[in-house]
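J.: So you can see what is in the structure, the chains are spelled out below.
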Amino acid sequence: MSDDRSTDRGASEVEPAHPEARPVERHGDGEPYPNPGIEPHRPRPTDVDDKADRRVERQVSTLFAVSALLTLGFCVAYFAVDKYSAWAGTNALNLVLGCTLGGALLLIGIGAIQWSKMLMDDHEVVELRHSSGSSAEDQVEALASFEQGAAESGFGRRRMLRGSLLASLGVLGLPAVILLGDLGPLPGNRPRETVWAKGVRVVTDPEGEPLRLSDIQLGQLVNAQPSVLFETDEEGEPLYEGTERLNAKAKASVILVRIDPADLVNTDSVAKGVEGVLCFSKICTHLGCPISLYEQQLRRVLCPCHQSTFDLADGAKVIFGPAARSLPQLDLGVDEQGYLIALGDFDAIVGASFPEMTQD
Amino acid sequence: MAGSAHTGDMAPADGAATNGAATNGAAAKRSYGPLAAPTRWLDDRVGLARLARQNMRKGFPEHWSFMLGEIALYSFIVLLLSGVFLSFWFDPSMTEIEYQGSYVPLRGLEMSSAYATTLDLSFEVRGGLLMRQIHHWAANLFLAAMLVHMLRIFFTGAYRRPRETNWLVGLGMLQLGIIEGFAGYSLPDDLLSGTGLRIAEGLMRSIPVVGTYISFFVFGGEFPGNDLIPRLYIVHVLLIPGILLALITLHLLLLVYNKHTQWPGPGRTNTNVVGYPLLPVYMAKAGGFFFVVFGVTALMSALFQINPIWLWGPYNPSEVTAGSQPDWYMGWLEGALRIMPALEFSVFGQTFSMNIFIPGVALMGLLFTILALYPFVEQWVTGDRREHHLLQRPRNAPTRTAFGAAGITAFGLLWMAGGNDIIAIFFGLDVYAITWAMRVLVFVGPVLAFYVTKRVCIGLQRQATETALHGYESGIIVRSPDGGYSERHVPVSPQKAWALTAHDRTEALPEPPSADEHGVRAPKARVDRVRARLSRFWVGDDHHKPTPAEVQEAQHHGDDEHAAVEEDEQFRGISELGVPRRH
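Listed in order, the protein sequences are those of chains R and Y. Everything in the first sequence is counted per the numbering used here, starting at 1281 for the first residue and increasing by one. Everything in the second sequence is counted per the numbering used here, starting at 30 for the first residue and increasing by one.
Do not rely on the hints blindly, as some may be mistaken.
Pairs of lysine to aspartate or glutamate, EDC-like flavour, derived with a Cα cap of 20 Å [what the hints assert, rightly or not]:
hint: 1; chain 1: R; residue 1: K1552; chain 2: R; residue 2: D1594
hint: 2; chain 1: Y; residue 1: K87; chain 2: R; residue 2: E1404
hint: 3; chain 1: Y; residue 1: K87; chain 2: R; residue 2: D1402
hint: 4; chain 1: R; residue 1: K1597; chain 2: R; residue 2: E1575
What the hints contain is simulated information worked out from the structure, not anything from laboratory work.
Please take these sequences and the hints and turn them into a complete structure.
T.: Structure representation (structure tokens):
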């Protein structure tokens, strides 16, 4: 950084250095008024009145002293206030710690600013600006140094050396990319599959109770999950637990709804249901939010994230909003014990679209 | 100046190494207290005095709007301090455990370690809730301050040469700040932030051709998986803060090198900088202001609850809360996602989800591309490539101000659209009608804002000329002998007159001739014509400040008609009774 006070390139400095720079201002018209120059310094009350000066000094010291007291109060409160107690419906310890700490900091800040405004010398300093670019001399010398260095290295002259170095450096980019390969598995068929399969029971969420047709009233909507999420293997270990269970749920969550068959308009959709009980994916085809707002009278569901609206009576077709695809529907059946089961996986992609979606 | 007087006597460092006693010379004779010896020790090794001499008394101009960037800087420091505290207890792990802490409603529930340790930070660690809330409030403040600081730079033309580089550095920090904020509020793995991550997964999947792969690589497989929170954590606490720190350093170094801009005023010109010296006034004010920012953040965290994650519950992909909203700085993208129509198509087996990609991914890229290019486009169109150190009042660049107003309008409308469900419930309106209105308004609103703002700016320019030439209205009505009434005007002070007119006269570029005198077409004629036309659009309507001739004429005019109230040193305006007030 160059010396700020250097005046050798001072006032005439801001002439355009860029070759394309062109002055837009018409200097011929001139300034309408003369520059009156920096206003004379006006003394503050504290500059001329000793009493005022001492008063401000006392004021600022008081601010700092109260700040110190608040900080001590913070330390006392840390030990004295029970962390589980509540005052006025809020966490007491948080309230006391925050108010003492905030107050202590604020008072230091206000004190310092008051000190600077009222007591510190308030004469402004004037400095000349320098052009941000370097001088022509510097440019010439820098270029000469660079050229000398470049010539001594032989980088420009030895073409084979240069080419092989650049090639070897360039190839180094490959491992940098390849090494990230194990960040995740390749998608494969995973985005198309869910844990739903033929014979998997549709059970309530979160209790895991199997459902009969008679459990669902006309107009009712029931949140459901596949029964496998609640089952255990021979050793009593859950089939799905922890994040694996969350991953499964992220695609398998469904809603069951019972609609008067007379109101159903989509024959394909009707065929997949049982006596007007239909099972749709709960995962929005826009960005994967669970669709949770049910408008019973209109037989519609609405996604609370971006308001995509699906008509359950018409195969969960999109009737408003940014979603582009209907909610996937599960083929429903009833097993020997009369419980609702899936007859297979979904008929379409669950959740947000992806580029390979339509490929086989 | 006291500083330079004593450093001037300092001997060079190599002399000090051989003969310490002699070189201490004049400096040693003065008493600098207990710090003198260590300071000299350090100076002998790193040459501090040279740097200090150049910068200790550096002047910084003052204006309230120059504090906005400071707020951003200080809230970043608050973020570092509170963030380090949080990291001592927070466990960025997605391993599902059963909660057994003191918050009864969630006891016995399965949740990730990340969520459980955030609950512990809120309930078991004393001061943990305060630090969590300070961290979140400071993050909101950080982004708000950066955004408003950027608008200040934009509307006053402070990005013009030689500060274009710093404008780009600032934009980089704003973008990183948005990503950092999103990564941060996703870490607790609560129901609200998990929903945000699910949306983020959908946005990644919408990227043409490579989307599925990107989402699988980021999430380490399918959503939500085991890997995301630990990965976001390292991005949030190391990668982005590290880059931000480097950029902040660069930002401030460039600020010092280019010196701060200043408002035009008496004695304040393009070739000087007038302000209080770094030591002591600016340092005390800025240091004090840091404590103010920290203090206010702490008080807000004591009094206003933010992100009570225990109310949202642990993340569960089959649950969501109605009225889910991201933090404010993501609101405009959320709004864009909500009002975008369902545009999705497949070509050659590739699905293009433009309903997601355009608002969710491309829009942010578009905004920042426009912002990054703006200074260069403006330079090209106006042909003004001079160095500018004086700020412009927004009215004196009507087209730029109008563009800015259009941008703010678009941002604001998108932001409102991001709360269309809240608006619908609050005002009892139809959410679909609001969405449709926003689809139209987001295009119409900015155009309206552009023209209204431009006219307002030009009106204000005219008013400034009027005030400079004829003074301000005194409220004194004078009846002339022939019965006419007129109002006396009082001339403004020379300082005010100068400040009102201390800006450039902007001229549109001349229309280039399409051919020279021999009828040969200029090679770049078409480009130049477009440029000239654009330049007319840009500055052609600007009102110009008066010329010296106009000033003379106005003074003449004032002499006969208004018998203007004389203004002198003691003059303090006009009282309600029309009597000049004097000091």
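J.: Indicate, hint by hint, whether the structure satisfies it.
T.: The hints, checked one at a time:
Simply put, R/K1552 and R/D1594 have alpha-carbon atoms about 12 Å apart, close enough for the 20 Å limit, and the pair holds. At roughly 10 Å between alpha-carbon atoms, Y/K87 and R/E1404 fall within 20 Å of each other, so this suggested pair holds. Between Y/K87 and R/D1402 the alpha-carbon distance is near 14 Å, which keeps this suggested pair within the 20 Å criterion. Annotation: proposed proximity of R/K1597 to R/E1575 holds, straight-line Cα distance about 15 Å (limit 20 Å).
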